[in-house]
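Make the full structure from the sequences, and use the hints.
Residue numbers (our numbering): 1 to 635.
Everything labelled a hint here was simulated from the structure, so no lab data went into it. Glycine residues also receive a C-beta, built at the ideal position from the N, C-alpha and C atoms. Everything hinted at is true.
Distance ranges between label pairs, derived from CB positions: (1) S543 with S109: 14 to 22 angstroms; (2) R518 with D253: 19 to 27 angstroms; (3) E190 with S505: 30 to 38 angstroms; (4) D264 with P546: 16 to 24 angstroms; (5) S509 with S543: 16 to 24 angstroms; (6) E190 with V116: 22 to 30 angstroms; (7) R391 with T548: 33 to 41 angstroms; (8) R281 with Y241: 18 to 26 angstroms; (9) H235 with R515: 13 to 21 angstroms; (10) H316 with Y241: 23 to 31 angstroms; (11) D247 with Q356: 16 to 24 angstroms.
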Amino acid sequence: MLTDNNPSQDNTGCGVTTTFHQLDSGGCLDCIFNYLPQEEKIPILIDDYEELNWDSYFYDDDGDDNIELGILLSYLSLDDHESKSNKEKYIPSNGITVVPDDYYAKNQSKGKFIGVLSEITPLSCFKLIFTDDIQEKFLSKMNDRRQSRVDHIKLREGTRGKPLQPNIKTDRLENRENYVKRWTTPFTLEDSNKFLSCFLAMSVSALPTLHDYWENPTLNNLGLGLFFQNRLPKHKFLEMYRCIDIDVDDWLDSIKEKAQSIWDVSTNVSIDESMIPHKGRKCPHHVFIPRKPHPHGMKLFTAACESGYIFNWMLHKRTSEEPKDLPFHRVINPHYERGAKSQVVHSWEVVSAMIQPLTKHHVLYMDSYYGGMQVFNIAMEKKHDIVMSCRQDRPAVIFKNGTYTLEQNELGVKSMRGTTYKGYSFAANSIPRGGVKRAGQSSEQAKSKKVKFTNIMSSLHDATAYVPTQREIISGDDYLKDMDLVPASFHDYLKHMGGVDRANSSIMSAYYRHRVFRWRVAVWIWTMNLMVHNARIIYNSLSPKPMTQSEFIIALAKTMYEVPTHSHKLVPIPNGEKLDCRICYRFYTSKSGKKKRSKSTHMCTICGPIHVQCFNKDHDRFVLDSVTGGARSNK
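Structure below.
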């Protein structure tokens, strides 16, 4: 702390003891603030604070802590028209110590990449987590489901066996045989890369239906359909999408193991919940949380670094019995009932599982869902510090009619320090919601307005340590600067608690927008976006040019499968026939607004009819690499 029980004697002759001394001016703080009470050890507002030497420093009695005066007095930066009227409300009460906002951040490390990369590219960072072993496992499960679909078609009669482009003139039996002949070859690794490339591109460019991605270019969209057409046919992508299948527990554990092995977790760790969007009726782990951005879906308990890197997660299972996911017909599981009560998952069990891979000292931040003395005891036994918000009735021994009492100061904050639980000391603060209550507002006024309090419990902070913060308030039509002194535990909680929320926002910023019927596919989609998000954090930590989530996905989709340019050759159309140019088609319009076709005598061996000028000018740029589309350039 910044104060000391043994203050040093002033050497300037003022006869007043104080903790801090100004070395440059030769006087102590009490000489500068002549009306500061002797028992106070911190500076307060004065009208002529501009005359101070802002380049000077303060030291404590031991001379260890070097704290700039500008940091200590940052809460004094009021406008001239407010400084006199608001001076008294910022005078701290006895026992309060003002500390800089980074006082408790000493010796804290940030998360960093601990692996080895030969080159720094989006694909190389993504392959650190989505390794070849995981991809082969995913491809094997996809081929197994495909084979089960083929076997089902051979044995079962019905309309499910029709080919993707059915021939009405033939009977159903012949359609099923055509389907079997068409899909007897298993998917290859190259097919998997093409499929992932198209899937990632769909996350950035959202269209109404899946069929729209393969449409020809239009006036407002050039190259998007050609990007997909040059990688996978539409019917093959849809077949691969239907064959997605994973073993959920094994899949999540494999990705989790890779994510933890390449990243050194930061000191500050936040534990919160994430949601997998899904509205399927056969999901055994469906939950509904009204206040979430995606209220319907599956809930995961996640732990993330301060940068947003998610290194641990656990699926919240409502039942241990999962219905079988057969290829076609519905299966009624007698052990599962939608809307049944969840399995009992205690908060201390979740926290114990989340901090299991942590081997160093960390500061755990969590909300009131986990707040409790059991969680506090687990963190202390693991040699971690914990900062958590607590409900009024949990733990009841602190914040509601318990054996401990919280004293309320002039700032309206209830504090308690020097308290122990099972031999571990902690501090508790209860802060009025909507900002710290001013000293001018009496406790009777606060009670009449029924002020609600936010309870913070911390093993790291001191209950009497306060941090100056600045905010803007609305006064009529003007915005005025307003200052607050808030507890350091509350300040750091708001600063470091958003790791999981930051990750959720990044994952959902470029997400697959189409309806998903099978819950295992929903889990697979979320984990794919999770791996992209973690890979982007690794890339930004190593590359001098950071990328957003959308930019990273675009670059990854292009490099996941690069269309070989040597196979695209411009040749004349046989028999001298003229066909519509693929690039110019529906782009040139007349003055009346009617679309006009443009014929070409040449064609690309892969893409089809293209003008010679379009092939030389726009082929490589739009046909091979375009993902997001855009208007055609006239340059």
